[in-house]
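Residues per chain, in single letters:
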Amino acid sequence: MFEVIAYGLTIGGILYIVSIGFSLTFGSMRIVNFAHGLVYAVGAYALFALLPVAKGNFVIAAILAILASLPVSYVIEKFVIRRLYGKSIDYAIIASYAVLLIGVDLIKWIWGASPVPISDPVGTSVSFFALEIPLYRLIIIGLSFLIFISLSIFFKKSIIGKIVVAGLADREAVLSLGIDIDKYFAIVFILGSALASLGGILYGPISTIHPYMGFRIVTLCFAVVIVGGMGNLRGTAIASYTLGMVMAVTAWYWGAAADAMIFVVMAVVLIFRPIEL
Amino acid sequence: MLKILNNSVAFAIGVIVVGFVAFAYSASVNKITDFVIFCIYVLGFDVLYGHMGRISFGHTLYLGAGAYGAAMCAKYLVPDPFLAMAMGIAAGAFLGLIIGPIAVKTKGAAFALINVAFNQIGYFIVLVALARYTGGEDGVSLTFNSYGFVNFGNIHFLFAFCLTCLVAVYYLMHRLYGSAFGIMLLGIKENETRVRFLGYNTSAYKWVAFIISTSVSAFAGALFVINYGFANPGFMDPARNVEVIFAALIGGPGTELGAVVGGTAYMVISNYLAKYIARWEMFLGAALLIIAFGFRKGIMGYVRELVEKRIKANAMAAEK
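Read top to bottom, the protein sequences are chains A and B.
Each residue of the first sequence is one higher than the last, beginning at 1 in our numbering.
Each residue of the second sequence is one higher than the last, beginning at 278 in our numbering.
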């Protein structure tokens, strides 16, 4: 049972790290950024490509991979989402979907369509009540808590964070104070993309990486956002860990049903949620 | 000319019938039957996108529901093609009935992804959960009864039947959009809040439109199964949603003829040009980007603009 809890927290932690950026774009612009999934996949593949360059040093390769995936998200934000946002939300969604399609095909072109394994960078396990839990997973759990705490402080204490929180609550009011809210959202967008890329990097060694992983994470992030509430930062965290746990418990009984179960939970939440999205 | 484009459904149906028959017997009847069925699917998709302003990224769920409804009926009840079609449509309508109330609460991005989520559940169900009955990844192969000349194994009869279905669906959609209900949908697309202020229960209208869309899509799925003689999870694959989105967008959303033109255009590209296009998904993605940035009215919108310009020029010439 402890094994299941540890797995649930690991998956929940990665979901949280990836969802936070997705939730902020969704909350601030009502846009599903499919390209967020692309950044996640690019992070994982960049890690795969950079591991030999960094001579097997996982941390250096991870930092390089995040830096490598940032231009991707910047270009998407600048040339696709910004340009379409004011005109039509539908076309902004379609365009970000198109970007994901192109990106997935590029990944298939460069690295092939079959899944690629990445080996566990830590390798050792920790004994815990007569159970073997890979140390790497514990590191992920710790890292996700660390990110949660730093983001909480960031959004409560720093001026950028405060402006963004205010902008999520009432965009017009912030604008009328003479603050260029879009600039701050852009900063947070880049931050969220860096975290998405980190999520892909962390997920790689747990499972395998494959070109379509971006599609999958977008729908999972969406479920997190529906359950946790749009642009609701604490809700996103709670929903991520809860859904991670749902996935782990389902996978314990029936591995193939884990993803479907998430969407069932999401549907149930939607039925009882009175607000219109 | 503009009047013809706007009003004459008979003219449009004539063009569709003559066009497809000529196309079928100069190319391949088998292939063009596929084109015709796909056009029905696009018509179903466009109920939501073109007329209600809701874009679904999970519409293969309803296509697949029709396909599996028909296949399960043929495999485990009786291999009667008409009953199979009815069961396929019923499966789609049932999904619309239960998913509709949840989905139509939302719009924009949330609507798009809720359909994807349900699509994932459906894909899991046919691929894994019910694999004992659906044959899992391999799917099921089927044969259907034939009654005299009503023989769906005969490609000429099948083609004629599917074309008749397309014409019927086209006509029904045309009547639907011309009715008060269709105008209500357009009102919801433009400004739902105002329609609600007028005292209409918009949720009910959206629900009905959703069921119409899922049923028509499921009908196309059932026809595909009868055409191919098998059903596999490919019909419900969430990754294939881009096909119908692309078709609806390139043809020109919001017009029945646009859906048929778009469906045909997509099928022509995927059947005849795909072998020259090395990176298929990249091609579709790039095309979607171009559509999103500069070709929003689609082929039919473009044609309409040309015709309007010509008429204006003619009128000015007549005045002089």
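Simulated from the structure, these hints should not be mistaken for laboratory data.
For glycine and all other residues, C-beta sits at the position ideal for the given N, C-alpha and C.
Among the hints, erroneous ones may be present.
Going by beta-carbon spacing under 7 Å, a handful of chain A positions derived as facing chain B [claimed, not checked]:
#1 V32
#2 D105
#3 L138
#4 A256
Stretch-level coverage of chain B by chain A, calculated; a stretch enters the list once three of its residues show a Cβ under 8 Å from a Cβ in chain A [said to hold, decoys possible]:
#5 304–317
#6 420–434
#7 483–493
#8 514–527
#9 557–563
Evaluated hints:
1. V32: 4 Å, holds
2. D105: This hint holds: D105(A) lies near chain B, its Cβ roughly 4 Å from the closest one there, short of 7 Å.
3. L138: Violated: closest Cβ of chain B sits about 30 Å from L138(A), beyond 7 Å.
4. A256: 4 Å, holds
5. 304–317: Violated: only 0 residues of the stretch 304–317 of chain B have a Cβ under 8 Å from chain A.
6. 420–434: Answer violated; 0 residues pass the 8 Å Cβ test.
7. 483–493: Per the Cβ count (0), the hint is violated.
8. 514–527: Since three or more residues must qualify, the claim that chain A covers the stretch 514–527 of chain B holds, with 5 doing so at under 8 Å.
9. 557–563: With 6 residues in contact (Cβ-Cβ under 8 Å with chain A), the coverage given for the stretch 557–563 of chain B holds.
Going through the hint list in order, the structure does not satisfy hints 3, 5, 6, 7.
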